[in-house]
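Letter by letter, the chains look like this.
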Amino acid sequence: MAEPVSTPREPVPLLLVDDSPVQRRFLRAALENSPEFSVIGEARNGREAVAMVERLRPGAVLMDLDLPIMNGIEAIERIMARCPTPIVVYSAFVEGENSTNAIDALAAGAVDVVAKPEWGEGGQLDAYAEELRRRMRVASRVRVITHPRGRLRTTSPGLSRVPSHVVRADVADAPAPVATVLPPIADARHPGTVQLVAIGASTGGPQALATLLGCFPADFRPAVLVVQHMAEGFVPGLVSWLDQICALPVVMGGTGRRLSPGTVTVAPSGLNLLVRDHLRVVCEPAPERQFHVPGIDASFESVADAVGAEAIGVVLTGMGRDGAAGLKAMRDRGAITIGQDEATCAVYGMPQAAWAVGAVEHQLPLPAIGPAILEMLRAQP
Amino acid sequence: MSGRALPERAVAALRDAFAGEVATRLPGMQSAAAEVLTTGAVSAARTLVSHAHTLASSAAVLGEAMASRYARHCEELLVVALASCGTDVVPRDVAVGAAEDVEAVSMLLAPWLVA
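Heads up: the sequence lines are chains A and B, in that order.
Add 9 to a position in the first sequence, counting from 1, and you land on the number used in my numbering.
Add 806 to a position in the second sequence, counting from 1, and you land on the number used in my numbering.
For the record, the hints were derived by calculation from the structure and aren't laboratory data.
Among the hints, erroneous ones may be present.
As the list claims (entries may be wrong) - Facing chain B, a subset of chain A residues (Cβ under 8 Å, in silico):
no., residue
1, Phe35
2, Asn42
3, Asn54
4, Ala138
Said to hold, decoys possible - Short derived list, chain A residues pointing at chain B, Cβ under 10 Å:
no., residue
5, Glu19
6, Arg33
7, Glu127
8, Tyr137
9, Arg144
Said to hold, decoys possible - Label pairs and their computed distance ranges (CB to CB):
no., chain 1, residue 1, chain 2, residue 2, range
10, B, Pro833, A, Arg64, 32 to 40 Å
11, B, Val895, A, Glu63, 41 to 49 Å
12, B, Val895, A, Met79, 25 to 33 Å
13, B, Ala829, A, Gly271, 21 to 29 Å
14, B, Asp894, A, Pro296, 38 to 46 Å
15, A, Arg146, B, Asp822, 36 to 44 Å
16, A, Gly263, B, Ser890, 27 to 35 Å
17, B, Val895, A, Arg64, 38 to 46 Å
18, A, Thr264, B, Asp894, 39 to 47 Å
19, A, Glu63, B, Thr830, 27 to 35 Å
20, B, Ser890, A, Glu140, 30 to 38 Å
21, B, Pro813, A, Pro22, 16 to 24 Å
All of these numbers come straight from a predicted model, not from anything done at the bench.
Ideal Cβ placement from N, Cα and C applies to all residues, glycine included.
Turn these sequences into a full structure, and let the hints guide you.
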């Protein structure tokens, strides 16, 4: 069946990185089967990839992790340090117990991770190729920043100064934030105890979460809930990775558990995590029409109902608009709400959507969000 | 999920590339497996892991599901063993298991060598 072929844009130039000629041929065939993409180079190892990115300046890179001479993680770090480019990792070892590989790749600066086709998928290669194109289409639109891991090392725990935040000038029709500089946040109109900090993130989220959660000290009092859009099987790796780098314990949420003070609970994949009275957790299947699961809106709306004004809601980097309605519900119930600013977002999608519906009370650069939250908590009676 | 069919020419090129990869990797896999079996050499085990890793992924793309499964099992078996044995020799039972996997991969992919 013929598909519409008119693409007003120039094809996205892609670089493929895999040591297997079979994989490179497959990827080229899969991607060039659409006029949206043009493969401009193939690298066989990490070192070649770094050099070719600098020379060819592709619009996006599709890269295996298990590479000779220089492995994929090191290549990602070097590319993101020298010539930031959206990188999608394509690897056999990114699911289940190997999901830490995926998290390592995301932490190094990759924007997405795709598992290589497994046995049994051979007969469905066309469908797999279609999914690959979809992921590359999204990735190629991501605006990447220089070496998030390097930034993370220098900004997480040692932040002492809070930079002034940026307010977008091109959304004049959006409701104005209550505060335009940080000091008023300390004079918060929320005298009540903050029980819960709820955070939603998507593309670029793992690095942003590491930066934000890295600011919270071991004696941080509120419970923390994280809802990160992530494919099935990757969340355990995220939990394990965050647990290693945060002062607070990080656990996976599940029905019957509570969100504990001073503990980061991450929503499991494949279910919506809902917060009930006394911070009890219920995980339930998402409605069929819900695109992202776990859903940030679903969690935030439940937080609005259960905790009301005694919460802080944060929407971090991500594509789409999940979280906007939920953050608005939280703000309407009196919670403090924060959106990550455009300059520090990998993708200014979700925070922009939240801003546009008037859900964002404070728009802040990523490095300022953690210190701002600590300042708000210090201002509590 | 439906997808646009890959062009026949691309699929033919993919099959050629796989035949070439089998011709290169399979003998390497067999000789590495033999060395691991006789000496337990860690360096040979690493070579075997590399070949098995590549063939497992490529075989999956070409629809050789069983070969992919055996190659992946061989790889996982050795990766776990290498992580625990360090620079010592590969345990005998692991070497035997890996060699059995290589034998299965060889049988399943043999038709590609004469294609």
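Hints and how they fare:
no.: 1; hint: Phe35; verdict: holds, 5 Å
no.: 2; hint: Asn42; verdict: holds, 6 Å
no.: 3; hint: Asn54; verdict: violated, 12 Å
no.: 4; hint: Ala138; verdict: holds, 5 Å
no.: 5; hint: Glu19; verdict: violated, 20 Å
no.: 6; hint: Arg33; verdict: holds, 8 Å
no.: 7; hint: Glu127; verdict: holds, 6 Å
no.: 8; hint: Tyr137; verdict: holds, 7 Å
no.: 9; hint: Arg144; verdict: violated, 12 Å
no.: 10; hint: B:Pro833 with A:Arg64: 32 to 40 Å; verdict: holds, 35 Å
no.: 11; hint: B:Val895 with A:Glu63: 41 to 49 Å; verdict: holds, 42 Å
no.: 12; hint: B:Val895 with A:Met79: 25 to 33 Å; verdict: holds, 29 Å
no.: 13; hint: B:Ala829 with A:Gly271: 21 to 29 Å; verdict: violated, 59 Å
no.: 14; hint: B:Asp894 with A:Pro296: 38 to 46 Å; verdict: violated, 54 Å
no.: 15; hint: A:Arg146 with B:Asp822: 36 to 44 Å; verdict: violated, 29 Å
no.: 16; hint: A:Gly263 with B:Ser890: 27 to 35 Å; verdict: holds, 31 Å
no.: 17; hint: B:Val895 with A:Arg64: 38 to 46 Å; verdict: holds, 44 Å
no.: 18; hint: A:Thr264 with B:Asp894: 39 to 47 Å; verdict: holds, 45 Å
no.: 19; hint: A:Glu63 with B:Thr830: 27 to 35 Å; verdict: holds, 30 Å
no.: 20; hint: B:Ser890 with A:Glu140: 30 to 38 Å; verdict: holds, 36 Å
no.: 21; hint: B:Pro813 with A:Pro22: 16 to 24 Å; verdict: holds, 20 Å
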